[in-house]
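Using the sequences provided together with the hints, build the complete structure.
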Amino acid sequence: MFALQTWMRRALLAAFLLCPLPSLADVAAQIDEATGTVVVTGLSPQDMSSALTDADAIRLRLETSPSARGMLISVNQNGEDLIVQPRFALKDGAVYEMTVAGKALRIALPAPETTTPRMVSFAPSQAVIPANTLRLYLHFSEPMARGQLREKVSLVTADGTQVASPFLSLEAELWDPSQTRATLLLDPGRIKQGVGPNLASGAPLQEGQSYRLIVSPEMHSAEGVPFGQMTSIAFRVGPPERRIITPETWEILKPSTGSHTPLSIAFDRIMDSGAALRLITLQAPDGQRVHGRVTSDGGGWSLTPEHPWHAGSYSIVVDPELEDVAGNTIGAPFDAVVGRISAETEPVILTIEIRTQ
Amino acid sequence: MSISNSLLAASVLALATSGAVSAQSLSSAGALTFDTGNTLFVGDAKAGLVHAFDLTDAVTDQADYQLGRAQTFEGRTIFNHLDVEISALLGVEAADIAINDMVVHKPTKQIFLSVHRGHGPDAEAVVIAVNNGALELVDLAAADHSSMSVGPVPTAETLEFGQPLNTLAITDIDYYNGELFVAGVSNEEFSSKLRRIPFPFTNEISTSSIEIWHAVHAQYETRAPIITQTIAELDGEPTLVAIYACTPIVRIPLSELTDGAEVRGTMIGEMGFGNTPLDIVPYVNGWDGTSNVVVTNTNRSAASINLEAIASAEAMPHGEGVQNVFSVEGVYQFPLPMSGTLHLDTLDDTYALVVRHSPEDVRNIQLHTVPMPFFFDRADHIVEMNFDGSPDPFGYKAAPPVDYN
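Protein chains in written order, with my numbering: chain A, 1 to 357; chain W, 358 to 762.
What the hints contain is simulated information worked out from the structure, not anything from laboratory work.
The structure displayed is predicted, hence computed values, not measured ones.
We put the beta carbon where it would ideally sit given N, CA and C, even for glycine.
Heads up, some of the hints might be wrong.
[Said to hold, decoys possible] Calculated Cβ distances over 10 Å to all of chain W for the following chain A residues: (1) ILE31; (2) ALA68; (3) MET71; (4) LEU185; (5) LEU213; (6) GLN229; (7) GLU248; (8) HIS307; (9) ALA311; (10) ILE354.
[To be verified] Examples of chain W residues toward chain A, derived with CB under 8 Å: (11) GLU442; (12) LEU446; (13) VAL449; (14) ARG474; (15) GLU546; (16) ASP745; (17) GLY746; (18) PRO748; (19) PRO750; (20) GLY752.
[Claimed, not checked] Over 10 Å on every C-beta distance to chain A, these chain W residues come out as not near it, computed from the model: (21) PHE391; (22) GLY475; (23) ILE588; (24) ASP706.
Spelled out as structure tokens, the structure:
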């Protein structure tokens, strides 16, 4: 009796090892990194058939999602494998769960290599900026995520007091296409003279005071990597700038012919550096645009030419949309006396002679 | 009389393409609007384009979908946790998506949402439709498509120095009588640029830089971007009713927005400081037949403004000796019990539709209908008539619970 039982046990074990039941076959899911598809192996013909015909028979979802809803997928068969094509690429570093044939399969995607972002520069970069500064630029080392400026950027006074709502709250944040530069508009209602917000709360920046712009350690890149440490930019505030831009008063440092020395302009104020780079151009004596490396820190503008300078009349072309950091333009100051806003649409042209020395 | 100075700048040549293109042509998806037919316009700030998609084959009639019970001031929550549900469809976490705008296709009452999957420069832009309570991805590749450039047009010179940095955040798009009116905020210039574009797109666009006068500060005028706008007929005259940054309400007859004309826009009200308007949507009060606009705000409750009042409003006083205005002023604004609103449109004559923070749990983003004309949903509020055992003078509690389909 005992011998028989042993024999039976062995036989059953052998049968189990040699002929696994279909339902006990390993159903597995693996991501094919080349195509972004999920390959499901080991499905029975019935489960394959229902996965191909019944939308509810298969579901792919983020493991941590509070919703039972599956993501958009399409399915097809490749030999004995089921190929699941997500409509949107699965996210690197995330864990998905595929439910098929009554099983929940875990699909973990490797985490991407990421770089910790940091702030690389700030404009205006001058130590003292006008009290009615309208626009600040933050430059980052990595593309950043939209939708966090309101919470993660703040302005504090020298004694650490937070300035209440200094920035214009717009539904759409202002980023460049690469999302490495953010534009912050200081609330124009608090900059304009005589406006209720200005009178009630005061301008966000007070002349003679020192401030720090604080970027939270939680400010994160598009990849989701946070700064990790607080970043702070200190500046002082000088008198407001309310004059129109007068290019005629700029100091121009002329190069000599045959050289690659930059042609430089020193402004009489802090210009918007983004606008200055884009809206000031140089024309050669033959009317062609002079190409080269253009830089501006807002305090000045310079162009280092690709080719040496020739003798003759060059034209600095200043687009009428050029603004200084306080929003003043060539046509009108940011705050114009009633009826004085000008409809300036023509560029201002400054002619300079470059001579042989 | 307020003086506003406008320069309708030179026409800017723009790119117009037509024919079916892949959905990848949508670099970003922001402001949405429909024409009076089936064409959906999508503001694509990243590409500097307005797209037009003919959704004739995609729109589905929603007439049988119950929207609420207006008789008892009850709206319907179409979705709780709308952000979670959309993100599940897209296979990411709710924190990874942004719901940028919402519009209703009026002939079918179908709801469309512009959504970004991701927050980075490579975020994928999609349009999601609500079809009788189900979320669906709109197959834009199947729709006839055309587009028009509205952003800074890259030239050979700007491209030489790499990707241009300046962009236009499209804040609003409105369609009126064969034309689109596109408002935006530049990241490098603080000016009001209103673009007027004929549709179907030709190769022309006129760009107005409307510099407006602010009555609140009595002595100075400045330029400012339009945040939200609508076009309404005031005494039969098509008029742009716009709310600017920091926050005057201005009316400008469309007839004055001609190329090269000097416009005298009239500031007729002030929305009050410390607040940004979100949407301005026209509606008709079904109870008294009046035409109005409803304005939703970030930091104040919504307000209703009567169109006749807008038409007849005097310009706000200005000049020497005028006292500054600190708060809501000018044309009468009727406060509405609606806050936490993220996006607003009307569904029909009876119901408005909002994407909002739930009044009970701000973490819950709802897609919810609100009975008009009071934009009042009884369930949102602590009112005595909701309490057990309290009087029920209007028979609200006696009404059976709504059995939604």
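Now for the hints, and whether the structure bears them out:
{"no.": "1", "hint": "ILE31", "in the structure": "holds, 13 Å"}
{"no.": "2", "hint": "ALA68", "in the structure": "violated, 8 Å"}
{"no.": "3", "hint": "MET71", "in the structure": "violated, 3 Å"}
{"no.": "4", "hint": "LEU185", "in the structure": "violated, 7 Å"}
{"no.": "5", "hint": "LEU213", "in the structure": "holds, 17 Å"}
{"no.": "6", "hint": "GLN229", "in the structure": "holds, 21 Å"}
{"no.": "7", "hint": "GLU248", "in the structure": "holds, 22 Å"}
{"no.": "8", "hint": "HIS307", "in the structure": "holds, 15 Å"}
{"no.": "9", "hint": "ALA311", "in the structure": "holds, 24 Å"}
{"no.": "10", "hint": "ILE354", "in the structure": "holds, 21 Å"}
{"no.": "11", "hint": "GLU442", "in the structure": "holds, 6 Å"}
{"no.": "12", "hint": "LEU446", "in the structure": "holds, 6 Å"}
{"no.": "13", "hint": "VAL449", "in the structure": "holds, 6 Å"}
{"no.": "14", "hint": "ARG474", "in the structure": "holds, 6 Å"}
{"no.": "15", "hint": "GLU546", "in the structure": "holds, 6 Å"}
{"no.": "16", "hint": "ASP745", "in the structure": "violated, 32 Å"}
{"no.": "17", "hint": "GLY746", "in the structure": "violated, 36 Å"}
{"no.": "18", "hint": "PRO748", "in the structure": "violated, 40 Å"}
{"no.": "19", "hint": "PRO750", "in the structure": "violated, 41 Å"}
{"no.": "20", "hint": "GLY752", "in the structure": "violated, 38 Å"}
{"no.": "21", "hint": "PHE391", "in the structure": "holds, 20 Å"}
{"no.": "22", "hint": "GLY475", "in the structure": "violated, 7 Å"}
{"no.": "23", "hint": "ILE588", "in the structure": "holds, 20 Å"}
{"no.": "24", "hint": "ASP706", "in the structure": "holds, 28 Å"}
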